[in-house]
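Asker: For the protein sequence lines, the chains are H and S, in the order given.
As numbered in UniProt numbering, the first sequence has no gaps in its residue numbers, which increase by one up to the final residue, 311.
As numbered in UniProt numbering, the second sequence has no gaps in its residue numbers, which increase by one up to the final residue, 452.
No lab work stands behind these hints: they were computed from the structure.
We put the CB at the ideal spot given by N, CA and C, even for glycine.
One or more of the hints may lead you astray.
Claimed, not checked - Keeping only pairs whose Cα atoms sit at most 25 Å apart, straight-line, the calculated DMTMM-like set for lysine to aspartate or glutamate is:
#1 Lys328/S <-> Glu112/H
#2 Lys176/H <-> Glu151/S
#3 Lys171/S <-> Glu407/S
#4 Lys171/S <-> Glu86/S
#5 Lys87/H <-> Glu332/S
#6 Lys328/S <-> Glu301/S
#7 Lys205/S <-> Glu84/H
What the hints assert, rightly or not - Covered stretches of chain H, going by a simulated chain S footprint (3 or more residues, C-beta under 8 Å):
#8 83-95
#9 123-133
Here's the letter readout for the chains.
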Amino acid sequence: MKHLLSIEDLDRATIERICDRAASFATGADREIKKVPALRGHTVLNLFYEASTRTRSSFELAAKRLSADVVNFAASGSSVEKGESLKDTVLTLSAHRPDAIVIRTPWAGSAELISGWTDAAIVNAGDGKHEHPTQALLDVYTLRHRVGDLAGAKIWIVGDVLHSRVARSNILAFQKMGAEVTVCGPPTLIPRGIEAMGCEVRYTLDDLPDADVVYALRMQNERMDQAWIPSLREYATVYQINDRRLLPRQVLMHPGPVNRGVELSGGVVDSPQAAILEQVQAGVVVRMAVLYEVLAGARASAPATPEPQPA
Amino acid sequence: MSLIDPLVRAPAPAADVLIRAAHVLDPRERIDGLHDVLVRGGEIARLGEPGSLDAPDGCEVVDGTGRHLFPAFVDPHVHLRVPGQEHKEDLATGTRAAAAGGYCTVVAMPNTSPVTDSTSILRSLRDAALRDARIPVGFMPAITVGLMGEELTEMAELRAQGALGFTDDGKPVVAAGMLRKALQYQRLCGGVLALHEEDPSLSGKGAMHEGTVSAQLGIAGIPSISESTLVARDCAIAGYEGGRVHMQHLSAIESVDAIRAAKAAGVQVTCEASPHHLTLTHEAVRTMDTRMKMNPPLRTEADRQALIAGLKDGTIDCIATDHAPHAKDEKEVPFEQAPMGTTGIETAFAAVYTDLVLPGVLDLALVVEKLTVGGSLLDLPLPRIAAGAPANLVLLDLAAEFEVGAEGYFSRSENCCFAGRTLRSRVLLTIAAGSVAHRDAARLAPTTEATA
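Chain S extracted, bound-state conformation (with noise of 0.2 Å):
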């Protein structure tokens, strides 16, 4: 019942570029293969054998030999910590880094200060995005007044005003009573409701995954079922009402086992992971760098392996990277002091290319797929790579090396849990909704028509 788009942007100039000689891989369209790519005025004009399109006048010419092109990747999950924490993040930060890191579109999360919970705050959100946003944003405002799980927010008049859905991230709905309400609110009003799942009487005051580290460390642990329980809670109630939920960054091996069961159930609920959850473990909190502190925490080698089966069978929907930013002072205190949360929108395809792809786990058509899904599970289109869909694309050289933060981040914050890891693949050229939105200059080195 959306009435009204749900995602905003700063006006931007229509793109004219052709790509030339790329490798191009869009596994839904079932494209994989070297084609020239024309983008004319934001929309993908043609697709044509290498070397056989001609550039029109005024139009920018990219040799993508030897590169890679992909649609552009989707995140169901970022904070851009506005209104309220502009000191981590803002609108045009947090989606100058998205762009960085190869996106055309971002959902940000409504856990601001003060939360997203009422039509005038989304509005104002929607008109800074008209201002500030490099790349489009959806906004979920939250599915229960200041995250306090006692009231309802107006989810009707939410959406008409362009809420994308509903979710109280950062927090679980933990009344089980107040979801169900939720999701017969659904019903009038539509918008997935998704979930940050967390029983808080066994998470406690837990900083990192309870285990074989945290019982050396003496930091209080959050156990597994503190998600679990919830997953498998929330699912029956979903399956009960027929509702839609969409679970947010899964860690833990028995909520995979949750989801797989209530999906062959018929349950309607699609789920994320996170690069940081499917590359990392508990042990790396052992030196506890604040950069490894995060909700849900990094788990065990099994839960990892769990998460990539999952991403595998289905199971897991989608990529996304809960890009969390936090000031560096906030970050610089002991581990348990400090705020959970990585950033991740610069690093998330390097992260899970260096480790998944190139040691041979994940297909990279797999990859790509489950990075541009994520906002199709909250009914935003897929971005193609076909003649006539808007131009959403990235162009990235897979054979380049970086080192995390070495030349800084385009995100006001730092606190990157993928630090001083060199990693592969660099994005070259992001296009989001026909604009460029990043160009990698040094790196690009375009040609022009006189040596193309």
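Just chain H, with the same shape it has in the complex (with noise of 0.2 Å):
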């Protein structure tokens, strides 16, 4: 694999040996020295036109334990400001010679569009609203550990469909898992469409109690602004995930940062169902195993996997 740029470029052979190579790097981490030298020279650059601070710093801790070299490009305070353009500000950074980019911006296809004006692995950490291929990983990473095989599992994903890429990631990663998956929320913030992605459309909670894991969405502050919603304290009382809704035998995921008391209360937070945590630690050995697929998968086996792989 050259690139990660989305996960619709991915079959489920792919998917599954991502995360079979995540969790032999797993079992590294919890060595007292975590680090493995299967990326040593390596240079890794996360280019990141949005602010991100648990993707950006995933992305470093799992660059670093594969001791690649690490360069961060945050767009504010750099040449962006002063009206560079993508373009541009690729060729500059490609001078360098990373051997990967790790891209995120508010633009959908811009992972794709760099691919073609660098010789970077590039790897998309959010492109938009488009995709964000590692976070689905990780959240399949995350149920492949808790409820095992994901073939008719049930997965609802609740929320703000509209404007998030994790819904459309995990959607297609999911399906391809073999998930049944329904998507939830106001009529307002549920894409026309959708349902050609072979989604269920559903507005309300009522058959909430059918699915075996809830994913949560966050709402974001911001979509007020626009009137999607009538308010968030409305938006808690239809579509909040609380004690009352949430199942036990439920496993409950969210993509971070929660905002308690609106899409999920904070009990079910705090709940043995939540599952938060658990993806907020597959999301480094999860982009580890991304960063060796693109930067060695093709000609190494994984130094940590112990199935042996093609030469």
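Join these two chains into a complex; the hints should help.
Answerer: This is the structure in structure tokens:
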């Protein structure tokens, strides 16, 4: 795999291979020395056009645990603010010969776009409202540990689907793993035509008890400015996942950061059903596996991977 | 009430050409067969049986064998980007590109920088066209000052200075009351109002058609009702005021239905569809290629079929390109950041011929009619193949193939949605208002009198 641009590009076998490798890195994460030399001498460049603490630091940790050198390039305070185009920024940074560029932007398709401008492997860390493939991979990884095989599992994605790249990547990833996906949220925040992706659409939580997994999306306050919903208070009344709605057998997920009291009640965040912190932990090992896949996967076996790999 | 010729071009020598034994097709003149056509002093002097006409001294002879001769095309909707955006296009490059596409007349839109909304800008444009325009250009100034939708331009004076009509193209006239005032003023000064129909409260920050593809790409959508509701509203206003309106670049099935109903009710409304809306759908946007970003956006297959049906039943009057050049670096950005628009004046006939005529969807004669009639909707004369008419002719090789963009473009910009496609048919010779405006010398291989 040369790049990770979207979940759409991946087949089930590739998703499983990445998760398996992440699992092998996870055994290393428990050791006293967490670092492996797999990507020693490689340079990973984090190019972030949007504020992001957790995704960026997760990628940074992943690269460092593989012994790669990491350079962080944040759009604010940089040449971008002086009006440099995305293309010129990528060409300039590519002149430093990074082996991989991890990119997040507010624009759909930008990861794929820059892959044509550089020899570096591109990892999409979020392109507008399009995709966030490493989030979907870490969510699949987390669920494999929680519920095992996802074939036939019923997964509800609840909230602002319209503005969510996490939702789009996860609809694709969960379906590729055999799950049945339902999206649910206010009608103004469910994009027209989303059912063409193969998911069901609901506007109430009446059938939420059918779900094996409840995946709540972050409700962003800025959405209020454009009157997408009447109020956050009413949203919470209709769509909040709380103790009353979440069953003991269900798994609760959220991409973070959580708005307690809006999309999730404080109680469910702290409940045993919540896999939210496992998702965060999975983030580092899955991103290690992704970086390994695009930088070394094609030509060598993972040092920490038990099963033999093709040469 | 237009007092002066609304069309302007640079002086050019009158053509003297004999085109021998071409397949001449002019549906309105009911000509469809092999003829010799003699052009003398820029006028069509005679039509004759193939091989029957002799070339007078000094007259170029062109072998039309196996080739087709149509009235040259007329485009009521192009962006020539003058004044202010000459890095995208100018009058010379835009009209050069149009000539290469087989056009004898184009009509330029006013969303320039500054906006073409005053007599001084209109006069300077006409002066520039007298210098630079390879084919006749007409100008449509804005309906409202600065395209802001708040106050009318000086429509009567603009008409007196050669305004062909008025349009706020690129933007709708959002307030119904403002459009009504413009239609009332039309009674004084004439001039069709060409309307870009889009309700901004529905289209918002949309960058493509709202549907299954936008849902998956996570790109904000422009719903079809953003266009069709304004089409229906403005037909109602035009009907009430007895005014004449021309709806630009129809894209949605609901809009075609609205026009059909308005025409049946007697509203004086005409409309156009673009080659890209007739041949492409939102599936082409899946790759997020910015050349596929235009406004209105490429819509669904059902919408495309509705446009084709509209052309066939007369609901859609003409094909117009909405030729919208943008500089390479402006389009070399993420899809959501890119400006709207595709070039198309060099590829219009070839795209429609390849995708609609060759597969048998549209008759060649219908396509020729729809590509030539656009100016007449704005009261310009029709190009005709008839003795005594000014020579407005295009000679094509319908069998030739070419890869779009492989040899570059005559336009200053290269944002063509058909780039890389292999299209059939090639324009060999364009005569516009009596002068040769384009000649593909390599493919034309003109014969001499001696070998004729």
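Asker: Would you pick out the hints that fail for this structure and give their numbers low to high?
Answerer: The structure breaks hints 2, 3 and 6; every other hint is satisfied.
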